[in-house]
Every structure is written in C-alpha cells, then in structure tokens.
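Undergrad: Take a look at the letters that make up each chain.
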Amino acid sequence: MLKSFEENQLNDSKVLTTEDAHGKSKRHSDTLYAILFLGPSLLLLSVFVFYPMLKTLYMSFFLTNNFGQTTVFVGLNNYISILKSGSFLSSLASTFVYVIGVMVLTIVMGLALAVFANQKLRGIQFFRTIFSSTMGVSVSVSAIFFLFVFNPTSGLLNQMAGLLHLPQLNWMTDPHLAMITVIVSTVWMNLGFTFLVLFGALQAVPQSLYDAANIEGASKPYQLFKITIPMISPSLFFVGIVTLIGAFKSFGLIDLMTAGGPNNATNLLVYRIYQDAFLNGNYSQASTESIILTIIIAIMTIIQFKVLEKRVNY
Amino acid sequence: MDIAKNTQVTSKSKINVSSILQYGGLIILALIVMGPFLFGLWTSFLPTNSIAKGSLSGSLTIDNYVAAIKTTPVLGYLFNSFVVSILRTIGEVFFCSLAAYAFVFLKFKGRNVIFYLFLATMMLPFEAEVIPNFMTVKSMNLLNTYSVMVIPFLTSAFGTFMLRQAFLQMPKDLKEESDIEGLSHFQYYWHVALPYSKITLLTLAAYSFLSSWNEYLWPTLTTFSDKYRTVQAGLRQMQSTETFNNWGMIMASAIIVVIPTLVILFIGQHFFKSGLNDGSVK
Chain A
1 MLKSFEENQL NDSKVLTTED AHGKSKRHSD TLYAILFLGP SLLLLSVFVF
51 YPMLKTLYMS FFLTNNFGQT TVFVGLNNYI SILKSGSFLS SLASTFVYVI
101 GVMVLTIVMG LALAVFANQK LRGIQFFRTI FSSTMGVSVS VSAIFFLFVF
151 NPTSGLLNQM AGLLHLPQLN WMTDPHLAMI TVIVSTVWMN LGFTFLVLFG
201 ALQAVPQSLY DAANIEGASK PYQLFKITIP MISPSLFFVG IVTLIGAFKS
251 FGLIDLMTAG GPNNATNLLV YRIYQDAFLN GNYSQASTES IILTIIIAIM
301 TIIQFKVLEK RVNY
Chain B
1 MDIAKNTQVT SKSKINVSSI LQYGGLIILA LIVMGPFLFG LWTSFLPTNS
51 IAKGSLSGSL TIDNYVAAIK TTPVLGYLFN SFVVSILRTI GEVFFCSLAA
101 YAFVFLKFKG RNVIFYLFLA TMMLPFEAEV IPNFMTVKSM NLLNTYSVMV
151 IPFLTSAFGT FMLRQAFLQM PKDLKEESDI EGLSHFQYYW HVALPYSKIT
201 LLTLAAYSFL SSWNEYLWPT LTTFSDKYRT VQAGLRQMQS TETFNNWGMI
251 MASAIIVVIP TLVILFIGQH FFKSGLNDGS VK
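Chains as they are written, first to last, in the UniProt record's numbering: chain A, 1 to 314; chain B, 1 to 282.
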C-alpha cells in the first residue's frame with residue numbers, strides 16, 4: 001500500500017515538471033473536480049471520525065455530567081485514576097488474555113484448515129466451501145449458536161460429556177470457563193476469513209519446493225515448518241494482526257453471551273466503555289478508556305503498515 | 001516379477017492409508033466448523049418441551065419456524081438489514097471510488113496531506129468514537145431511522161485505498177488517450193475507470209455488504225423500535241426478552257437470519273478471495 005503511494009508521489013513530481021506546458025488552468029479545473037470528488041468523503045470523515053476523536057480526547061481531560069457535557073477541567077487526572085483503578089486494570093488484563101488466546105488459536109486453526117484444504121483430493125471443493133462458511137455467520141447468530149453449545153443442561157458440550165461420563169462443566173458461570181467460552185466462539189467466527197487468506201497464500205507457494213523436499217525425503221511436519229510457514233509468513237502476519245485488532249474491538253459476542261460477567265471476568269475494554277457511557281452515564285471515564293483503546297489500536301495498525309511495507313519474509 | 005508386484009501392493013496400500021488420514025482430518029475439521037451450525041439447525045426442529053427437559057431427541061417439527069415468523073418480527077429485521085446494507089454498499093462504493101479517483105487522477109494542492117489524513121483514519125477505532133457520534137446523531141434527530149445506520153458509513157478509508165490501488169493499475173495511456181479525445185473527469189470516471197475496476201468494485205461491495213450486515217454496536221445503540229432494528233439488534237432484543245425456555249424459536253430465528261448471508265457468501269466467494277489476497281499481499 002505505502003509502496004505504491006511513494007510511486008505515485010514520484011509520478012507526481014514528474015507530472016509537475018511537465019505541467020508548465022499544460023499551463024495553470026488545468027490545475028485549477030482539477031482542483032474544482034477534487035472538491036467535487038473528495039468533498040463528500042472528507043465531510044463524512046470529518047463529522048464521524050475526526051471530530052468525534054478530538055471530542056473524545058477533549059472529554060477525557062474533563063469531568064462530565066449525566067448529559068455528557070463537560071464540567072470541570074481535570075487535566076490528566078482521569079487517566080491517573082483509571083490506571084490506578086483495580087477494576088480497570090483487571091479489565092485490561094482480561095482483554096489481553098482474550099486477544100492473545102483468540103489470535104493464537106485463530107492462526108493455528110486457520111492454518112490447519114488451509115493446509116488440509118490445499119490437497120488434491122476428490123471433493124476438496126466441498127470442504128473449502130465449508131471452511132470459509134463462518135464468514136457468512138454474523139455475530140448475533142454465532143452468539144446464539146454458542147450460547148446453546150455451552151448451555152449447562154441441554155448444551156452440546158455437556159450432553160457429550162454426559163455420554164462419555166465426563167464431568168459436566170458450568171461454562172457460563174465459572175469465570176475461567178466463561179473466558180474460554182468467548183475465546184472459542186470468537187475463534188470460530190474468525191475461521192472463515194482466516195482460512196480464505198491463508199488458503200490463498202498456500203496456493204501461491206510453488207509446488208516445486210514440495211517436490212524437491214519429497215525427493216529428499218523430508219517429512220510432512222518438516223515441510224510444514226521449513227517450507228509452508230516461512231513461505232506464507234506475510235499472510236500469517238496479516239491475519240494475526242487483523243485478528244488482534246478485531247479482538248481488541250470485540251463487543252457483540254460479549255454483550256450477548258456474558259454481558260461482561262461472571263464477576264467481570266469477560267468485561268473487555270469495549271464492553272466496559274459501553275457500560276460506563278451508556279449504562280452508568282460516566283462519560284469522562286468512558287472517553288478516557290476510549291483514548292486508551294485508540295492508542296492500542298493505533299500502535300497495532302502502525303506495526304501492521306510498517307511490517308507489511310517491508311513484507312515479512314522468509 | 002514378484003518383487004515388482006510386491007512394491008506395487010505396498011505403495012497402493014500406502015496411498016490408501018494416507019488418503020484415509022487426509023479425509024479423516026478434513027472430516028474432523030469440517031465437523032468442528034459445521035458443528036455449532038448443525039447443532040443449532042437440529043435444535044430448531046425440536047419441540048420446545050423436549051429442549052426444556054434437556055433432551056436432544058424428539059419428533060422433529062417446524063413449529064419453531066412457524067412461531068418465529070408469526071410471533072416475532074424476524075422477517076422485518078431481515079428486511080431492515082437488507083435496506084441498510086444495500087444503501088451502505090451503494091454509498092460506500094460510490095463515494096470511495098470518487099475519492100480514490102481524486103487521489104489517482106487529479107492533481108491538486110494538499111493531495112498528499114489529505115491522503116495521509118485518510119490513512120490516519122484507519123488507526124482510529126469506531127468503537128472509541130461512539131459517545132460523540134451518538135450525541136451528533138441525536139442532535140440531528142436521526143435516532144431510530146435507517147439514516148442513522150447508513151450516513152456515518154457512506155465512505156471509508158479502507159474502500160478508498162482498495163479502489164485507489166485498482167485505479168493505479170490502469171494503463172497510463174488510457175488516460176492520455178481519453179484526454180486527447182476530450183473526455184471530462186466525470187466521463188472518464190464513469191465510462192472507463194469504473195468498468196475497468198469492476199472486480200475490485202464487486203469485492204468492495206461484497207465486503208461492505210457483509211460488514212454492514214455484521215454491524216452490532218451502532219444499530220444496538222441507535223435503534224429502539226422493531227420498525228428499524230436490523231438482525232443484529234433484533235436478535236439481541238429477542239434473546240433478552242424471550243424467556244430462555246423458548247430456545248427452539250430463538251434457534252429457528254437464528255437459522256432464518258443466517259441463510260441469506262450464507263447464500264450470498266457462496267455466490268460471492270471468489271470475489272472475497274481475490275480481495276482478501278490483494279489486501280494481504282500488497
């Protein structure tokens with residue numbers, strides 16, 4: 001992305017040198033067109049992205065009343081009190097557990113799906129379609145499916161545990177198990193997307209590499225770690241960071257499955273912002289938390305751009 | 001000859017063993033992926049009283065579907081989601097392509113600065129901006145309308161980049177030729193640039209449709225009547241108001257809701273694939 005932007009800039013400077021020939025009027029008419037073409041997007045982004053970001057930042061330096069109006073300027077006090085608050089820190093810790101768990105499992109499962117789908121077998125297209133299918137399942141539907149999979153009495157897991165004479169677990173009421181529940185559900189939702197990206201990358205790996213490895217008698221696991229994974233590392237990185245960013249922003253699944261509980265065990269960052277703002281009316285605290293979320297996401301995004309620009313490579 | 005026969009036999013059995021392993025792995029993975037869906041589908045056909053007893057068997061019935069369609073607004077939710085998603089998709093494709101055109105084919109002061117501004121928006125999570133945005137749409141009297149779910153999403157930095165990428169790949173002579181023929185920017189945009197980038201436009205449209213369909217937080221916050229609720233906000237409403245005893249009907253509603261998107265996904269599959277790979281490689 002960035003690379004082609006630089007190319008474009010180079011073209012730009014070339015154009016500028018030839019522009020004297022065209023005269024200045026062309027540039028003027030271009031500016032008019034630019035206003036028409038870019039205007040709507042700029043206006044929308046200003047109203048719904050730039051202004052709210054600045055406003056959130058502004059509110060995070062103030063105390064607010066129940067209507068979200070700023071009252072007293074407090075500088076960085078909101079940040080200091082939040083970073084000292086045990087409940088916020090435990091939210092942050094849960095969020096990190098959740099995002100790391102989601103990212104690792106998503107990549108492992110997605111890679112497994114992609115590797116198995118990348119074989120020349122009869123009927124393989126059927127499996128490829130199945131593997132990409134969770135992309136078409138929206139968040140509320142997934143939540144309903146999984147609420148029932150983990151349901152204590154009639155849920156799939158406890159029914160199976162019953163058949164196998166294993167202990168039936170209280171998935172939704174035990175804090176640790178509830179975290180596992182939301183992680184598993186999120187990973188499942190991510191599978192379709194992850195599979196499509198990794199499968200596309202696998203198909204671009206030259207078959208000759210595997211042929212050569214087969215001739216030398218290299219085992220399948222050896223080929224996986226020495227050929228496949230290094231060859232698709234840019235896509236693995238892409239999927240990993242997109243998953244990470246998505247997990248930091250998780251809201252729907254939490255809202256539907258656990259509502260942050262039990263005992264705040266799954267009270268992740270965005271759910272907390274929502275609760276503070278729209279349920280407790282504590283807008284300044286919610287704004288401060290929003291800014292912390294933004295900083296985390298911005299760092300992730302910058303890493304994504306920087307690394308993809310260089311291309312993670314073998 | 002015997003030796004030849006022997007090696008043939010062993011290699012044949014080896015193939016069988018490995019293909020059994022391959023299919024075995026595929027089937028296990030497919031069951032993991034399909035499991036929650038199949039389980040939900042099965043439950044949606046069970047009578048309410050057997051689900052309540054914690055039993056997963058019983059005479060299958062379509063009562064849950066009849067109840068869902070007759071007593072819940074699930075079809076209305078679907079309609080709302082279609083309206084919102086289609087409007088958003090058309091808007092995003094249109095405004096992003098205009099913006100992308102400006103970044104590629106127009107020379108104007110401040111182009112790089114504005115481009116970096118667009119780039120910057122990709123770092124800002126919408127979730128962190130909901131408080132002021134909620135106040136904005138409230139002051140515009142947009143709460144509980146289709147507009148509130150459409151207008152803020154009519155453009156995106158992501159879509160603009162994707163289309164900019166496509167426009168950059170167009171041959172330079174095309175623009176020069178059409179300049180000589182006297183085509184205006186609007187004509188070139190409409191008659192050359194858009195048709196030339198059809199695949200990317202469709203990919204963006206598919207992406208935009210699905211992400212709009214999936215939007216959860218914003219519709220939940222900004223709609224409060226069944227007249228405008230999308231499926232995400234609607235299923236939430238059903239799940240919180242319906243008693244937990246009526247699992248069969250909630251499941252039936254979930255299945256009704258998931259079928260259209262699965263169909264769209266299967267039809268649009270290869271657009272997603274090409275789009276996603278563009279995103280990850282470039």
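FYI, nobody ran anything at the bench for these hints, they're computed from the structure.
A few of these clues could be false.
Claimed, not checked - Okay, the calculated bits of chain B under chain A, using three or more residues with CB under 8 Å as the criterion:
#	stretch
1	17-31
2	40-51
3	205-216
Stated by the list, open to error - Chain B is nowhere near these chain A residues, computed Cβ spacing over 10 Å in every case:
#	residue
4	38
5	66
6	83
7	84
8	109
9	130
10	137
11	211
We put the beta carbon where it would ideally sit given N, CA and C, even for glycine.
Undergrad: For residue 83 (chain A), is the shortest CB-to-CB distance to chain B above 10 Å, so the non-interface label stands?
TA: 17 Å, holds
Undergrad: Check the non-interface label on residue 84 (chain A): least C-beta distance to chain B beyond 10 Å or not.
TA: 21 Å, holds
Undergrad: If I take the minimum Cβ distance from residue 38 (chain A) to any residue of chain B, is it greater than 10 Å?
TA: At about 4 Å from chain B, residue 38 (chain A) fails to clear the 10 Å cut-off, so the statement is violated.
Undergrad: Establish whether the coverage given for the stretch 17-31 of chain B by chain A is satisfied; the threshold is a Cβ-Cβ distance below 8 Å, and no fewer than three residues must meet it.
TA: holds (count 7)
Undergrad: Please check whether the beta-carbon of residue 130 (chain A) is more than 10 Å away from every beta-carbon in chain B.
TA: Incorrect as stated: the minimum Cβ-Cβ distance to chain B is 5 Å, not above 10 Å.
Undergrad: If we take the beta carbon of residue 66 (chain A), is the closest beta carbon in chain B still more than 10 Å away?
TA: 13 Å, holds
Undergrad: Could you check that no beta carbon of chain B comes within 10 Å of the beta carbon of residue 211 (chain A)?
TA: 17 Å, holds
Undergrad: Against chain B, does residue 137 (chain A) keep a CB gap of more than 10 Å to every residue?
TA: 6 Å, violated
Undergrad: Are 3 or more residues of the stretch 40-51 of chain B near chain A, judged by a Cβ distance of less than 8 Å?
TA: Held - the stretch 40-51 of chain B has 3 residues with a Cβ nearer than 8 Å to chain A, which meets the minimum of three.
Undergrad: Taking 8 Å as the Cβ threshold, is the statement that the stretch 205-216 of chain B is covered by chain A upheld or broken by the three-residue rule?
TA: holds (count 4)
Undergrad: Closest CB-CB distance from residue 109 (chain A) to chain B, is it above 10 Å?
TA: Label violated. Min Cβ-Cβ 8 Å, cutoff 10 Å.
In this structure, the hints that do not hold are numbers 4, 8, 9, 10, in rising order.
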